[in-house]
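S.K.: Sequences listed follow chains A and B, in order. The first sequence maps to residues 26 to 489 in the numbering used here. The second sequence maps to residues 978 to 1402 in the numbering used here.
Incorrect hints may have been included.
What the hints assert, rightly or not - With a straight-line cut-off of 30 Å between C-alpha atoms, the simulated DSS-like cross-links for lysine-lysine are: (1) A:427 to B:1133; (2) A:427 to B:1222; (3) A:359 to B:1238; (4) B:1222 to B:1178; (5) B:1010 to B:980; (6) B:1109 to A:364; (7) A:192 to A:76; (8) A:398 to B:1185; (9) B:1007 to B:1109; (10) A:114 to A:243; (11) A:427 to B:980; (12) A:359 to B:1134; (13) A:391 to B:1238; (14) A:359 to A:398; (15) B:1174 to A:364; (16) B:1222 to A:398; (17) B:1222 to B:1248; (18) B:1248 to A:359; (19) A:359 to B:1057; (20) B:1113 to A:452; (21) A:359 to A:243; (22) B:980 to B:1007; (23) A:399 to A:452; (24) A:409 to A:392; (25) A:485 to B:1133; (26) A:392 to B:1222; (27) B:1057 to A:391; (28) B:1222 to B:1297; (29) B:1238 to A:140; (30) B:1010 to A:392; (31) A:427 to B:1185; (32) A:364 to B:1128.
Think of the hints as simulated: they come from the structure by calculation, not from any bench.
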Amino acid sequence: MTVQFDLIIIGAGPGGYCAAIRAAQLGQSVAIVEKESLGGVCLNWGCIPSKNLIHQAEVFHSMLEMESVGVSVDRSKLNYSQVQANSRKVVKTLTGGVAGLLKRNKVTVLTGTAKVTAKNQITLDNGKVYQGKNIMLATGSRPMVVPGFEFDEQQVLSSSGILAMTKLPKSLVILGAGAIGCEFAYVMNSFGVEVTLIELADHILPTEDFETCAILAKSFKSDGIDVRTNTRATAIKKSAQSVVVKLINSQGKEETIVSEKVLVVFGRVSNTENLGLKDVGVSLDNRGFVNVGDYCQTNIPSIYAIGDITSSPALAHVASKEGEISVEFIAGHKPSIVKVSSELVPSAIYCEPQVAGFGLREDQAKKENIQVKKSVFNYAGAGKTIAVGKPTGLVKILCDVKTDEILGAHIIGHNATEIIHELLLAKHSELLPEDIAEMIHAHPTISEAVMEAACGINGKPIHG
Amino acid sequence: MAKTDYVMPKLAMAMSEGTVNEWLVKDGEKVVKGQELASVETEKVVYDLESPQEGYFHIIMAEGETINVDTIIGEFFDTKEELKKATGATSNACAAVEAVISIAQENAQASTNTQGENSPANSRVIASPLAKKIAKDNHLNLSLVTGSGPKGRIVKKDVLAAIENTITTTAQIAPLIAPQASKIASEQSERARIPFKGMRKTIADRMKQSLQTTAQLSSLWDSDISALKAVRANFVAREAQFETKVSMNAFIIKAMCYAIKQVPIANACVKGNEIVVYNTVNMGIAISLEGNSEFDGSLMVGVLRNAESMGVVEIDIAMKALVSRVRNGNATAEDMTGSTITLSSTAGIAPAGTKTTPVLNTPNAVLIGTSTALDKPVVHQGEIAVRTMMPVSLTFDHCVLDGEPAARFMKALNDALENPELMLA
């Protein structure tokens, strides 16, 4: 006998579990299948534990500030296994929270690995069969394995491996300076690990604004991180005590670095295998992403796909939004948008200084020959940043020449990931820079830098 | 007579009220016959009113107000003295205009305070700052735009759509260069001169824009609809039961939906730098409109939404309701926007067997043109037989699809028209 649901969701990450709750709120009977832990990579082995490590790194690092007022701090007794245990505690609190939310909304949680066995049917690895009027795929992604750089999670670590690590290495080479690479470079360096950060592109965080990245690179270097851009790792060789990383830079100069561990963060691949997609005829693109149209519907009308398994930006907040749009459509409501528009998706990188942004970048505007008005305001112009000792940073706004529409904004500096939302709300609701410029901002706040940058679009900031 | 009232004229059969978007003369100005007095907007179009006579013109109706036809909007006086006496105005015409405007503003404010009247011009317009700026830069009257944002807020895309439709822009009042041409002796005897204004201008602009911005071409064939005719006869026989006499067009729309299912690219629009292929079939249907006089008939494309989800009876009922709304001037924005493919039929009007190559209804990539069927001898199942052959044309934008998918679409459509049982698929 099979059990029937309105909606079966495969994968309980931030896309799947949010979709499940929303669907239940809209009156659907919902089952969600998870093979590991509720919350997915984000909550268990990604966003959340890493943010806890970053927080602890910040606290550890900022203790040094006390020395200037005569308090000597002994940081030598750092117990990293306790640091790691703290991060697991946070994860446990939050996975418990997700379980509670699912229960309260009467979502059935099925544990196991699911396979789509018909257009309206899934089968678990225990043989049980479930019918769903609709099926949503939210199976997410995993660290990309590159031949020659396979993870052993002892010496060659993935992002999950480094989060499970309970003892600090003496030295760490990080291959790939995307968001994950930069965040771990900051964390490990703060805890006293010798860090080398390797990036193939010409600047770290290759998908972010070049000016903000230059500031981050400078800050990393002054904190003692060895940052190497235009550099490719060609091979690694493991011995009992260390790993030798072979590098070549864009000029063809070769070099080797010896390090206790290597963190490999080249990117992520979508989990679309072994789901039975081929058998039911769900169409994939040549990179292995599931093809979706409006409302994340696949070519099979009863099957939807959200999050990292589609070609939209691989971010938790994109997956959650896609899940919401999709289930509202499934439940017969009319979502206000049919798909996530990438220009409205914020990026957030949580090292110190933080980097956040959305929409058009300056280099992209140049490349695509888009005329823009630009305004940049330095953090140091806002009194609060000096008061709290965080003067490094800037707010950049790019606007349409004719209409002043905000096309993109980029912030680097203390609390950038929180501050970006004022500008994103403005973009989302079609406010103009003058609306932000005219709004009274509390003094002293870092948000004043946003107001001043907005002033700079059609006039002059006061403190610029 | 010293004074003549001037009323809001009835410019189209369906017109019940109009809005003075802009006075094109100053209060108290001396006007000549044929001079443009005002730009007036109805639900559909913007017209320029021409002065029916000479005289000193006094403005009564403020700009932006919507009033019923035959309501007095101004007065003509034979002399300046009569004007002064009647209006008590100073010789400073500008002051009078300002007074009119300030009254209008007061009215607008008052109506805002009382949560607005029915007239759209009087209610407060909720629009995003960006939408307001783009509207202002393009001289668009926001009170005529329907908002699609949260709580009906007007957002950028609504304004851009309105500008694209041009129907609601006041900016389209083309400067009518009414040359003294008639004075230059003309050899021909003229029957009428129709200015490119209002609906005519919109149609002209859209047709030219279609031909200039797409790579459109047409293919023609005949479909044997003998079997389809018999199927339709069965539906017609049940007219009382279905409460409609199902038309041939309803079957053609159903057949198009079948063909779209086989070749989805035919149901696509060009949007900016992208081709958008739709799941839903919003069938644009070319609808002719009668005018007031011999020469001002026009054409609009009504939109039958979600045709793919309907049976032929439902299509027929919805289509007839749509056509009547469009012809009576009661069409909603939904009725007039968002088509994904178009059907244009001259069946019953054109002579039997006519081949047509209609102009693409941009941004749609495909248009099907049908015309009056003709009974003629053809080879059918190896024998010469008299069959009913319907001329069909496919006009498509080669920028969006190539000959191969276009040919497959034609084949699928022909297949459904010749074998109507396929429409059950």
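S.K.: Each hint needs a verdict: does it hold in this structure or not?
M.R.: Outcome of the hint check:
Of the pairs offered as hints, the one joining residue 427 of chain A and residue 1133 of chain B holds, with about 14 Å between alpha carbons and a cut-off of 30 Å not exceeded. About 54 Å separates the Cα atoms of residue 427 of chain A and residue 1222 of chain B, which puts this hinted pair outside 30 Å; it is violated. Of the pairs offered as hints, the one joining residue 359 of chain A and residue 1238 of chain B holds, with about 24 Å between alpha carbons and a cut-off of 30 Å not exceeded. A threshold of 30 Å between alpha carbons decides the hint, and for residue 1222 of chain B with residue 1178 of chain B the separation of about 36 Å lies outside it, so the pair is violated.
Straight-line distance between C-alpha atoms of residue 1010 of chain B and residue 980 of chain B comes to about 15 Å, which keeps the hinted pair within the 30 Å bound. Note on residue 1109 of chain B and residue 364 of chain A: the hinted pairing holds, with a Cα-Cα distance of about 25 Å set against a maximum of 30 Å. Our distance criterion of 30 Å between C-alpha atoms is met by residue 192 of chain A and residue 76 of chain A, whose separation comes to about 18 Å. Note on residue 398 of chain A and residue 1185 of chain B: the hinted pairing is violated, with a Cα-Cα distance of about 35 Å set against a maximum of 30 Å.
Among the hinted pairs, residue 1007 of chain B with residue 1109 of chain B is inconsistent with the structure: their alpha-carbon atoms are about 35 Å apart, more than 30 Å. Taking the CA atoms of residue 114 of chain A and residue 243 of chain A, the gap is near 34 Å; set against the 30 Å cutoff, the hint is violated. Distance restraint check for residue 427 of chain A and residue 980 of chain B: the Cα-Cα separation of roughly 48 Å exceeds the 30 Å cut-off, and the hinted pair is therefore not satisfied. Note on residue 359 of chain A and residue 1134 of chain B: the hinted pairing holds, with a Cα-Cα distance of about 18 Å set against a maximum of 30 Å.
As the CA atoms of residue 391 of chain A and residue 1238 of chain B are separated by approximately 41 Å, the hinted pair breaks the 30 Å bound. At roughly 36 Å between alpha-carbon atoms, residue 359 of chain A and residue 398 of chain A are farther apart than 30 Å, so this suggested pair is violated. Restraint check for residue 1174 of chain B and residue 364 of chain A: the C-alpha separation of about 39 Å exceeds 30 Å, so the hint is violated. For the suggested pair residue 1222 of chain B and residue 398 of chain A, the alpha carbons sit about 60 Å apart, so the restraint of at most 30 Å is broken.
Between residue 1222 of chain B and residue 1248 of chain B the alpha-carbon distance is near 37 Å, which puts this suggested pair outside the 30 Å criterion. Restraint check for residue 1248 of chain B and residue 359 of chain A: satisfied, since their Cα atoms lie roughly 22 Å apart, inside the 30 Å limit. Pair hint residue 359 of chain A plus residue 1057 of chain B does not hold up; C-alpha atoms about 61 Å apart against a cutoff of 30 Å. Restraint check for residue 1113 of chain B and residue 452 of chain A: the C-alpha separation of about 19 Å stays at or below 30 Å, so the hint holds.
As the CA atoms of residue 359 of chain A and residue 243 of chain A are separated by approximately 47 Å, the hinted pair breaks the 30 Å bound. Distance check on the hinted pair: residue 980 of chain B and residue 1007 of chain B sit about 14 Å apart at the alpha-carbon level, within 30 Å; holds. About 15 Å separates the Cα atoms of residue 399 of chain A and residue 452 of chain A, which keeps this hinted pair within 30 Å; it holds. With a C-alpha separation of about 36 Å, the suggested pairing of residue 409 of chain A with residue 392 of chain A is violated against the 30 Å cut-off.
Restraint check for residue 485 of chain A and residue 1133 of chain B: the C-alpha separation of about 27 Å stays at or below 30 Å, so the hint holds. As the CA atoms of residue 392 of chain A and residue 1222 of chain B are separated by approximately 59 Å, the hinted pair breaks the 30 Å bound. The straight-line distance between the Cα atoms of residue 1057 of chain B and residue 391 of chain A is roughly 62 Å, outside the 30 Å bound, and the hint therefore fails. In summary, the hint linking residue 1222 of chain B to residue 1297 of chain B is supported, as the alpha carbons are separated by about 10 Å, within the 30 Å threshold.
Our distance criterion of 30 Å between C-alpha atoms is met by residue 1238 of chain B and residue 140 of chain A, whose separation comes to about 28 Å. Of the pairs offered as hints, the one joining residue 1010 of chain B and residue 392 of chain A is violated, with about 57 Å between alpha carbons and a cut-off of 30 Å exceeded. Of the pairs offered as hints, the one joining residue 427 of chain A and residue 1185 of chain B holds, with about 27 Å between alpha carbons and a cut-off of 30 Å not exceeded. The hinted pair formed by residue 364 of chain A and residue 1128 of chain B meets the criterion: a straight-line CA distance of about 20 Å does not exceed 30 Å.
Checked against the numbered hints listed earlier, the structure breaks hints 2, 4, 8, 9, 10, 11, 13, 14, 15, 16, 17, 19, 21, 24, 26, 27, 30; every other hint is satisfied.
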